[in-house]
Structure formats: C-alpha cells, structure tokens
Amino acid sequence: MAIVDTADLIRSGESLAVEFKRDITDKELAKAVACLANGKGGTLLIGVDDDGTLVGAKPRHPGETDPNRVAAYIQAATEPALAVAVRIDMVDGFSIIRIDVPVADPGPIGTKLGVFTRRTLDPTGRPACVPMTPHEIVSMGMLSRGQDFAGSIALGATELDLDPNEFDRFRRFAAIAGDSIANLTDNDILRALGLVPLTAPISLGAILLFGTGEAISRWIPNAECLFQDLRVGIDTANVRIVEPLLKAAEHIQALIDERNTITELTVGIHRVEIPLIPSVTRREAIANALVHRDYASLGPITVQITDSEFVVSSPGSFPPGVTATNILDQSRPRSPILAAALKRAGVVERRGKGVNDMFEQQLRAGRSAPDYARSTDAGVIVSVPLGNADLDLVRFLLTWEDDQQHPLNLDELRIVHEVKSSGSATSTEVTEALNAPSVATKTNLGRLVEKGILESRGTGRSRKYHLTARFYDLAQDRNAYVRVKGADPLQQERMILDYVSAYSSISRAQAAELCQITPPQASRILKQLATDGRLALRGERRGAHYVLPGTPQ
Numbered sequence: 001m002a003i004v005d006t007a008d009l010i011r012s013g014e015s016l017a018v019e020f021k022r023d024i025t026d027k028e029l030a031k032a033v034a035c036l037a038n039g040k041g042g043t044l045l046i047g048v049d050d051d052g053t054l055v056g057a058k059p060r061h062p063g064e065t066d067p068n069r070v071a072a073y074i075q076a077a078t079e080p081a082l083a084v085a086v087r088i089d090m091v092d093g094f095s096i097i098r099i100d101v102p103v104a105d106p107g108p109i110g111t112k113l114g115v116f117t118r119r120t121l122d123p124t125g126r127p128a129c130v131p132m133t134p135h136e137i138v139s140m141g142m143l144s145r146g147q148d149f150a151g152s153i154a155l156g157a158t159e160l161d162l163d164p165n166e167f168d169r170f171r172r173f174a175a176i177a178g179d180s181i182a183n184l185t186d187n188d189i190l191r192a193l194g195l196v197p198l199t200a201p202i203s204l205g206a207i208l209l210f211g212t213g214e215a216i217s218r219w220i221p222n223a224e225c226l227f228q229d230l231r232v233g234i235d236t237a238n239v240r241i242v243e244p245l246l247k248a249a250e251h252i253q254a255l256i257d258e259r260n261t262i263t264e265l266t267v268g269i270h271r272v273e274i275p276l277i278p279s280v281t282r283r284e285a286i287a288n289a290l291v292h293r294d295y296a297s298l299g300p301i302t303v304q305i306t307d308s309e310f311v312v313s314s315p316g317s318f319p320p321g322v323t324a325t326n327i328l329d330q331s332r333p334r335s336p337i338l339a340a341a342l343k344r345a346g347v348v349e350r351r352g353k354g355v356n357d358m359f360e361q362q363l364r365a366g367r368s369a370p371d372y373a374r375s376t377d378a379g380v381i382v383s384v385p386l387g388n389a390d391l392d393l394v395r396f397l398l399t400w401e402d403d404q405q406h407p408l409n410l411d412e413l414r415i416v417h418e419v420k421s422s423g424s425a426t427s428t429e430v431t432e433a434l435n436a437p438s439v440a441t442k443t444n445l446g447r448l449v450e451k452g453i454l455e456s457r458g459t460g461r462s463r464k465y466h467l468t469a470r471f472y473d474l475a476q477d478r479n480a481y482v483r484v485k486g487a488d489p490l491q492q493e494r495m496i497l498d499y500v501s502a503y504s505s506i507s508r509a510q511a512a513e514l515c516q517i518t519p520p521q522a523s524r525i526l527k528q529l530a531t532d533g534r535l536a537l538r539g540e541r542r543g544a545h546y547v548l549p550g551t552p553q
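For the sequence shown, full-length UniProt numbering assigns the number 553 to the last residue and increments by one with no breaks.
What the hints contain is simulated information worked out from the structure, not anything from laboratory work.
Think of the CB as a built atom: it goes at the ideal place given N, C-alpha and C, for glycine as much as any other residue.
A few of these clues could be false.
[Said to hold, decoys possible] Label-pair ranges, simulated between beta-carbon atoms:
id, residue 1, residue 2, range
1, ARG240, THR443, 45 to 55 Å
2, GLU432, ASP168, 33 to 43 Å
3, ILE234, ARG457, 39 to 49 Å
4, ASN388, ASP49, 48 to 58 Å
5, THR158, SER15, 45 to 55 Å
6, ARG447, ASP377, 32 to 42 Å
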C-alpha cells in the first residue's frame, strides 16, 4: 500500500485513519496510537492543529526528537507491544512528527495502564477516540487471536444444565441431513462437535446448542432473538425467544411459516409456487445470524417482516475478511465450532455457500437480491425485498430452463435481473452495478447471448444488452421489445421492420400503437414499405397484415 505524502494527509484533514495533535503527553501518545490500531490503522501527526493549521512539533528529547526513541516508547507502553514507524517530516518549514500505525494484529491494543480505545465517528460526525466496552475488547480479542467463543468454558456448568431433549432435536435434524452423528450418544455428540465431554468442564458452545433456557440466560445472556411482524393490517407480533440454537431456529421458522403467503404461477403444464419468503432465504438468513453473530456483543438478533422487506439483524461486525461487497465470495464463520455443528444438523448449507443460495432463490422468485448495505461495525443487517415478484421474468426463465433442461447459475441470474431492471445496459454498467470482475461479466454476457436470453446491439464499449424478443412475447408486451431494442423513434419504418422480424407479421392497428401514430399514418408507412419491397401484404380488410417478402401464404 502506497504511503501518502504528509502534506497531502494534512490537506485532506482528519479522518478515521488520520489524527492531528498540536502537542501530546507520553501517556496520551500511547493511547492515541492504540486507538488507531484498534480501528483500521492510520497515521498520527504531531504538530498540527485539529483544523489542519501547522504549528510544528516541540522536541520530545533534549534539543530534538529522536524517532527511534518515540517508537521504542510506544512499543513499551502498549499491550500487546505495538511496533510503529516514526519519522520527522518538514512541511512548509514546520517540523511534524509522523507515526504510521498498523492495524492491531493480534488485538485489541491497550496501554500499559489498561486503557482501550477505538477510532470512530462522534455524534457530530467527526472522527474521535472512544473507550472500548468490555464486550468489544473480548470480541476483538477472540477474533484477532483465532479463539472460538463456543470453545470457552462455561465456568460452573454441569451436565444438569444441558437438556436431553435438545440432543434428541439435534439427532432428528442430523438424521434428516443424512449425518451419521445422529446415531451417537450425548457424550459422543459433544466430542464429535469439538465440544468438551460431559466429564470435563462444559463449554459455552454446548450451552448454546443443548443448554436449558435457564443455562442460556445465565452463561450467554446475549443469546436472545426478537421476532416482529410490523405489516400494516396484520396483528402485530413481538415475540422474545431465549432458546438453544436449533430450537430457536425452529421457533422462528414456525412464526414465519404462519405468515408466509404463496403466489401461484402457471408455466406450460407446470404450476409453480412463489412464496413471499422463499424457504432457502428464510433458513439461511436466520442460520447465519445464529451462527455468525457476536455473542460478546449486547443486543438480540432481530427478525422483522414489514410490508416491503424481510430484515434480519445480528449484533457484531462481519467476520474478518468478509464485507458487504464480497460476501458472495467469502465464507469465514465467526465460530467454526457452531458453523460445523449446524452444518451437520443440516441447518447451514454444507458447502459454505448459503448466502449464494439465498441470493439465487430470491432472484428466481422474481425479486431483487438481498442487500447488506445497512450493515455497520455494530451489526450485520440483511434486507430481503418483498415487493411484487416480476412474474413475467420468472415465467421467461422457467420456460427457458424447462426447454434447455439446464439452470442458469447465480452470476447469470444476477446479470439477467440487472439488464431487465435497467431495460438495457452496457458491460461496464452491469459490472459496476454488481461489483463484479469486468472479465467475468463480459464472459457471462456473451454466454447469455449465445443461450438466447439476451441480445446485443452496437459495438465496442457502447454495445448494449437487453432481453430477447421471446421475453416480451411471453410478457404480452411486444411493443416494449422494439422500444427497448433502441430503434430511433423517428425512424418508424425501422421499428415496424424490427417488429415483423421478431414476430412474423404486423397489422395496421399494431403499427399505429407501436409507433404512437394514427391508423391512417400507419397505413401509409406500411404501404410504402410494401411498395419498396421490404414488406408484403397478406389478407384483406380486417384480416390484412404485413409480413417479410418471401413469407409463405
């Protein structure tokens, strides 16, 4: 990563990664450096006012500032010891102490006096260092050190705190999933899942999976779910759930199933059911929240149904390496122990691609993809749109897949939805909208054209893609095909010829509607096309229509 020039940093002002200090004591220096390290790393500049005014740094040692001594002090005053890069830069004649701070690894970083702070935005929107709460310190420490919350000991817990019914529930789930763990004893199940046996101290993971309600409230009080149905005209639901994971998953599933509705769609001889919330979407959104939430963070998992969306929010940030933009490509569980257990129970997708399946099912239902954009460092939020399904697109894709006996993959589905929503789009526009690799997007667009799902027009960077004539035929909106195909509206002859090329024939009334002109005007254009030999008249009076020359009678 390139080092930004100090003068440029000062001109850009303070940010989450840049902090200015006019002057600073040694104690405050260690605190400020640790604060940046517990964020995303960054640069501390001493000798600069908060507003960016240069004042120059006072010498920190007799007659001068020794960068090596500053770095050594910081390393000695932080826990774990943090190595930083220190140098003296001259900016417009002023001496500036520059300290480049890496991201805490492992973290969190505190001072020797036990002070833990992190870089964030204050209520006014300005960057500031704020104290870390105990649960933030514990959570960050476990993540950076690779420690699994579920493997920690539940001090004082005994086998009486585990519910035999929950072991039976796990066996039932595992048996349905076809996992041989369903045949094991309680003690062997704990061993197989990487949890401590009953004869040893019991882990928090065992409490989460098999504990009684009282045990969960005592050892993991944050393990709480809140279900809410906030739709207008429906009795409001507000259900608090404090139960082991599988029981909680079943409970929430039942609450959603009671409220789920089905839209039926006929495709050929098949009747297809499109649920308001697809089963895979519901299962993965809830399972991901139960498995990946930060159990050291305060607050419940919240599941909400509104008139426009299905929202699942869980406390804590994304696991390391996962973001809202790369979530389809990265699968890194916060707790490998819990993730493995729910995979064996069939609650979590075994390939680690549950989010991908959720996206695919949502798109196949004719709705927009799930959205993680509202997620923050404090919580992961997935919003699943519940608006009216695009039944025309569903019918078109189902018809194509039924004919070809080959389903589209997720990348292809995302592209088709993007092209449909925009009417037509270039490769660059699709790439930017989906945040996808440019080469992969171009390859998939070409493949969709070859498959007869998309058409293209133009050349080079201006080439645009749109759905084929068959989609608009199935949607009973043939005129829209010609409009979206991009013919010049002033060249009505071209529009008519495009229509006939796509749908074999056109009548006077169809031409008038297509070109938004009067029937007599449409009649004159059709006759001229016939005179020029570009169309041929078939039939008389009300049965008159025009076809391409050479079309059989």
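Okay, the hints, checked on the actual structure:
Checked against the hint of 45 to 55 Å, the C-beta distance between ARG240 and THR443 comes to roughly 49 Å, which is consistent with it. Taking 33 to 43 Å as the suggested C-beta distance range, the pair GLU432 and ASP168 does not conform, at roughly 51 Å. Taking the beta carbon of each, ILE234 and ARG457 are about 46 Å apart, inside 39 to 49 Å as hinted. Distance hint for ASN388 and ASP49: a CB-CB separation of about 55 Å, consistent with the stated range 48 to 58 Å.
Take THR158 and SER15: their Cβ atoms lie about 51 Å apart, and the range 45 to 55 Å holds. Checking the proposed 32 to 42 Å range against ARG447 and ASP377 shows it holds: the Cβ atoms sit about 38 Å from each other.
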